[in-house]
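Once you have looked at the hints, place chain B on chain A.
Spelled out, the chains give:
Number of protein chains: 2
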Amino acid sequence: MMNKRILVGLLHYPVYNKRKEIITTSITNLDIHDIARCAVTYDVKKYYLIHPLPAQKRLVQEVIAYWQQGYGAIYNPDRQEALKKVCVRESLEAVKDELKAEDGVELKIIVTDAQVYPRSISYVQMREIMEADTAQNYLLLFGTGWGMSKEIVEDADYVLEPIYGRGTYNHLSVRSAVAIILDRLLGEKWVEIGC
Amino acid sequence: MMNKRILVGLLHYPVYNKRKEIITTSITNLDIHDIARCAVTYDVKKYYLIHPLPAQKRLVQEVIAYWQQGYGAIYNPDRQEALKKVCVRESLEAVKDELKAEDGVELKIIVTDAQVYPRSISYVQMREIMEADTAQNYLLLFGTGWGMSKEIVEDADYVLEPIYGRGTYNHLSVRSAVAIILDRLLGEKWVEIGC
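Chains as they are written, first to last, in this note's numbering: chain A, 1 to 195; chain B, 1 to 195.
For reference, chain A alone in the conformation it holds in the complex:
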């Protein structure tokens, strides 16, 4: 049995805009729902929306309350279950501190990026590492906007390869990227046989 916990984080600050300036992005309703539904499908323990502004936190709490206690809970209990995974924290540091306090184990941060880095690792390698190591917590961190700041990528424990499809186009939505990456790392077991 695994003791480790796998978590998903969606970072809204610090991320880049199109001109490579650091900005804060807004929380998008479908990012909450789609990624929460993936989180429960792949048995991720928590889905952290990381945003510094209290007003955005309240907005998410209102959405969650509708589906947890409001009419949404009666209309669609499956959604209620998914949204139990969602929590909002003001920074990546706050997420790290919380998990450290709860579990007392180290948190490994896995980032994904549209770029390849010298230390980028494959999905098969990452899966093997996660399966071999049963005591750590792993946070799969995704950036919004035009991607998370380079400092966060540099500080991460692991950088996953970009998702390759069948061409050079590399502009999936973060919702699609989360779905594919959770499936590659936690879905039914597959192994790469070379292309």
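Certain hints may be false.
Remember, identical chains collapse to one label, so a pair may be satisfied in a single copy or spanning two.
Derived lysine to aspartate or glutamate pairs resembling DMTMM-like cross-links, with alpha carbons at most 25 Å apart [stated by the list, open to error]: (1) Lys85 to Glu154; (2) Lys85 to Asp157; (3) Lys150 to Asp78.
Worth flagging that the hints you see were computed from the coordinates, not collected in a lab.
Okay, now just chain B, sitting in the frame of chain A:
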């Protein structure tokens, strides 16, 4: 080289609502964008939004025009490329007729469903069939709402297994399901080794 064409269809009629009544769903903006971006990533030839109402067709055409010819094309050329894949047709029959007229080859329809059927096949099997058979066109058809009508599932050439994560929860958004299924069928090559 493959001659076949792989296409994605998103069906808005006939689909079920929560009470298993046949309804027509509305087209959702993010379904256009997210799935178009997946389609170009996995080199799918066309992404058909299937909707019977002309007003919904015009709405999609306005969205596409903004990203193709409007400010969106300057702001985000990647999105312009993705939206080239999108077309709206009034029915599944219209899609079949169009592809038959264009290519003169048979169209195989692959559906996905949250249920298991006696003839459901695995992603590995489907991938092998598609790779072995280079002359057919394949339409990967997805339902909106609470899933496509049972007649369409019964008429389909292939029914894929549901997506299993790590539990019993089986309520991904259609956007996430499309992303995962395109990756399993057309992404970097993996092979199942049993769970």
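For this session: Could you place Lys150 and Asp78 in one of the four classes (within, between, both, neither) given a Cα distance threshold of 25 Å?
Result: between (37 Å within a copy, 22 Å between copies)
Exercise. Should Lys85 paired with Asp157 be assigned to within, between, both, or neither, using CA atoms and 25 Å as the limit?
Worked result: within (24 Å within a copy, 37 Å between copies)
For this session: Pop the pair Lys85 and Glu154 into one bin, within, between, both or neither, using alpha-carbon distances up to 25 Å.
Result: neither (28 Å within a copy, 36 Å between copies)
In this structure, the one hint that does not hold is number 1.
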